[in-house]
Amino acid sequence: MADNPKEYQIQPGDFAPLDKQAGPDNEHIAAPSLTFGQDVWRRLKSNKTAFTSFIILVLLFLMAFGGRAIYHQNPNEQAPRYANLPPKIPGVNLPGFNGHIKQSGQDVDAYAQAGAGKDVHYILGTDYLGRDLLARIMYGTRISLEIALIATLIDLGIGVTFGIISGWKGGRVDLFMQRIIEILSSVPSLVVMVLMATAFQKTGMASIIAALALINWTTMARLTRAQTLQLKNQDFILAARTLGESAPKIAWKHLLPNLSSVIIIQTMFTIPNAIFFEAFLSYIGIGISSPQASLGTLINDGQKNFQFLPYQMWYPAIVLIILMLAFNLLGDGMRDAFDPKSKR
Amino acid sequence: MRKYLLKRIFYLILTLFIVATATFFLMKLMPGTPLQNEAKLTPSEKAAILAQYGLDKPVWMQYFIYIGGIFKGSLGLSFQFSDQAVSYLIGSRMGPSMQLGGQAMVIGVVFGIILGAVGAIRKDTWADRIATIISILGIAVPSFVLAILLQFYLGLKTGWFPVAGWQGFLYTILPTLALAASPLAETARFIRTDMVDVLSSDYIELARAKGLSKFGIVYHHALRNSLIPMVTLIGPLAAALMTGSMVVENIFSVPGIGEQFVKSILVNDYPTIMGVTIFYSALLCVLLLLTDIIYGIIDPRIRLSGNGD
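In the order they appear, the protein sequences are chains A and B. Quick note: the first sequence, position 209, residue 209 per the UniProt record's numbering, numbers continuous. Quick note: the second sequence, position 26, residue 26 per the UniProt record's numbering, numbers continuous.
These aren't lab readings, by the way, just hints derived from the structure by calculation. Some hints could be false.
Claimed, not checked - Calculated cross-link-like contacts (lysine-lysine; reagent style DSSO-like; alpha-carbon spacing at most 27 Å):
#1 B/Lys123 - B/Lys214
#2 B/Lys157 - A/Lys304
#3 B/Lys28 - B/Lys72
#4 A/Lys48 - B/Lys123
#5 B/Lys263 - B/Lys28
#6 B/Lys46 - B/Lys28
#7 A/Lys45 - B/Lys123
#8 A/Lys304 - B/Lys263
#9 B/Lys7 - A/Lys169
#10 B/Lys263 - B/Lys72
#11 B/Lys7 - B/Lys72
#12 B/Lys57 - B/Lys46
#13 A/Lys169 - A/Lys253
#14 B/Lys57 - B/Lys72
#15 A/Lys102 - A/Lys304
#16 A/Lys102 - B/Lys157
#17 A/Lys232 - A/Lys249
#18 A/Lys232 - A/Lys169
Stated by the list, open to error - Derived list of chain B stretches under chain A, where covered just means 3 residues or more per stretch with a C-beta under 8 Å from a C-beta of chain A:
#19 12-22
#20 238-245
Ideal Cβ positions, reconstructed from N, Cα and C, are used throughout, including at glycine.
Please construct the entire structure, taking both the sequences and the accompanying hints into account.
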């Protein structure tokens with residue numbers, strides 16, 4: 001039989017099953033399979049700047065929203081006797097934190113001067129009404145963050161809905177909606193906000209949120225529209241349509257998940273923008289009014305005494321700057337994490 | 001091209017019309033009249049003052065008078081400075097604002113380009129890191145904080161520059177620096193991103209292969225191509241300068257439009273708020289239109305067409 005290969009016949013009995021455990025498994029996936037979210041998180045963690053920013057933001061949020069649980073001072077409690085006291089941390093004898101202040105060239109213990117007892121100390125000093133500056137900064141940060149976050153959430157809602165409808169419908173609807181965006185975005189945003197803030201005069205948070213929400217959504221709408229235009233011609237959308245899925249359901253189930261990275265990245269840049277404009281409006285005096293306070297009003301208050309008590313402006317300003325820095329850097333990191341192709 | 005231009009100009013006018021209408025009715029919703037010491041005035045005096053501002057007519061008539069006035073270049077009378085036309089107020093304050101804005105734009109863009117280019121060429125070195133830190137700080141530090149710091153440390157404490165006022169070139173330096181920070185940061189970030197892309201493209205490889213010097217490559221090939229998309233930054237930068245000028249002019253008491261705008265807001269001088277709003281919008285619209293035209297001219301790949309998008 002072996003002499004003539006042509007006559008070789010394969011019998012089922014010639015085959016023996018291999019031991020599965022013995023040989024190397026080519027199909028084995030060594031790394032655990034990651035979801036999109038896990039993948040993004042992994043990339044974000046490896047970006048040191050972005051991850052540090054993330055940690056800083058978490059700390060700032062904890063300070064703003066949970067700080068009062070640890071630090072019990074009332075941000076609105078006035079103690080005129082202790083007005084304008086410099087920072088003092090008990091046991092720390094560093095210039096700037098020992099309660100001493102320069103008065104006409106001489107180093108004076110401001111706490112002794114004010115007749116404060118040994119147990120009186122303000123970690124970041126007090127303002128011109130004797131309010132605890134640290135408590136006020138925590139409170140102001142909370143208000144600033146609340147305004148920025150709510151405004152951004154509204155932006156997100158309007159912008160994404162507008163963008164998806166505009167991109168999905170196409171044709172005349174799209175043209176009309178694009179014109180609206182074009183008109184809105186050729187008005188300086190500052191002007192819109194000033195108008196809104198003046199229009200709702202002194203109603204505090206609500207007017208600022210409305211003003212911020214009204215102007216910031218156009219960028220989001222543009223981005224979502226552009227993405228929707230690309231996505232809507234892809235096969236999986238076509239399949240969903242063929243199966244008779246309704247448009248809102250396609251938008252919710254198929255478009256939104258694919259838009260999420262664009263939306264999240266844009267959100268990360270909208271928030272600092274909102275924080276900045278809120279501080280700006282409060283600074284020029286048409287934003288948050290007392291007894292409420294935001295970082296902008298704190299800076300405005302502190303600026304009046306800047307020459308003699310620079311800490312009153314420095315501390316809120318530093319918090320504002322750190323907040324803006326952290327959001328911007330995290331935003332950059334997120335962009336790289338979500339879209340590794342655009343490595344910059 | 002002509003069709004495109006006509007269309008754009010039509011939209012420009014439409015935009016301004018909508019802005020004017022919206023502003024007008026928003027302002028009408030608000031309380032407050034030009035009357036000072038209202039209680040002391042007799043009814044006939046009140047009527048006379050209201051008539052002077054045209055407030056005795058029904059609202060729809062006031063609206064048509066206002067819109068009609070805009071076409072004639074009139075923006076009504078200021079409440080704050082009685083008898084002063086808003087258009088005159090804006091005109092007389094335009095000089096300082098334009099000078100500051102122009103200087104800040106030039107300084108910001110020039111240094112921003114240098115900073116961005118250095119960052120891109122020396123990518124991932126300490127030079128790049130410093131350039132990045134400066135540009136990210138320029139975005140994170142609000143102009144009003146920077147202005148106060150500059151005023152105190154470079155003005156009051158060292159006495160190098162005048163603290164506030166408007167009496168010559170020396171007085172413009174600090175406000176210009178405060179205003180220039182944000183355009184500088186934006187430009188630097190933009191140029192760096194763009195140049196990193198350009199520097200890795202094939203024609204730069206070719207230039208390098210030909211043996212061109214590093215400077216030659218950057219100056220003749222990379223920078224020129226990176227500058228084209230810069231044109232699109234003009235609009236956003238101008239808007240940022242308008243925002244900045246409001247606080248910076250106030251802090252340094254520069255007699256400009258921004259300072260007047262903030263004052264008008266605080267004293268509810270509605271005609272002036274409306275006038276400045278329309279002026280700012282018109283300025284930005286014209287700048288955006290010019291940007292698009294310039295972009296079309298210097299980059300032939302962008303085609304200006306009259307139809308949709």
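Inset, instruction - Given the hint that lysine 48 of chain A pairs with lysine 123 of chain B, test it: the Cα-Cα distance must not exceed 27 Å. - result: The hint holds at about 17 Å.
Inset, instruction - Measure nothing beyond the straight line between the CA atoms of lysine 232 of chain A and lysine 169 of chain A; if it is 27 Å or shorter, mark the hint as holding. - result: 10 Å, holds
Inset, instruction - With a cut-off of 27 Å on the C-alpha distance, tell me whether lysine 7 of chain B and lysine 72 of chain B pass. - result: 23 Å, holds
Legend entry - Pair hint lysine 102 of chain A and lysine 157 of chain B, alpha-carbon separation not exceeding 27 Å: 15 Å, holds
Legend entry - Pairwise hint evaluation, lysine 253 of chain A against lysine 169 of chain A, where the allowed Cα distance is 27 Å at most: 17 Å, holds
Legend entry - lysine 123 of chain B paired with lysine 214 of chain B [C-alpha distance capped at 27 Å]: 14 Å, holds
Inset, instruction - Decide if the proposed pair is consistent with the structure: lysine 7 of chain B and lysine 169 of chain A, CA atoms, cutoff 27 Å inclusive. - result: 24 Å, holds
Legend entry - Straight-line alpha-carbon gap lysine 57 of chain B to lysine 72 of chain B, limit 27 Å: 20 Å, holds
Inset, instruction - Below or equal to 27 Å on CA atoms is what counts here, so check lysine 57 of chain B against lysine 46 of chain B. - result: 14 Å, holds
Inset, instruction - Can you take a look at whether the region 12-22 of chain B is actually covered by chain A? Rule is 3+ residues, C-beta closer than 8 Å. - result: It holds: at least three residues are needed, and the region 12-22 of chain B offers 6 whose Cβ sits within less than 8 Å of chain A.
Inset, instruction - Examine the region 238-245 of chain B: at least three residues should have C-beta closer than 8 Å to a C-beta of chain A. - result: It holds: at least three residues are needed, and the region 238-245 of chain B offers 3 whose Cβ sits within less than 8 Å of chain A.
Legend entry - lysine 28 of chain B paired with lysine 72 of chain B [C-alpha distance capped at 27 Å]: 22 Å, holds
Hint compliance for this structure: every hint is met.
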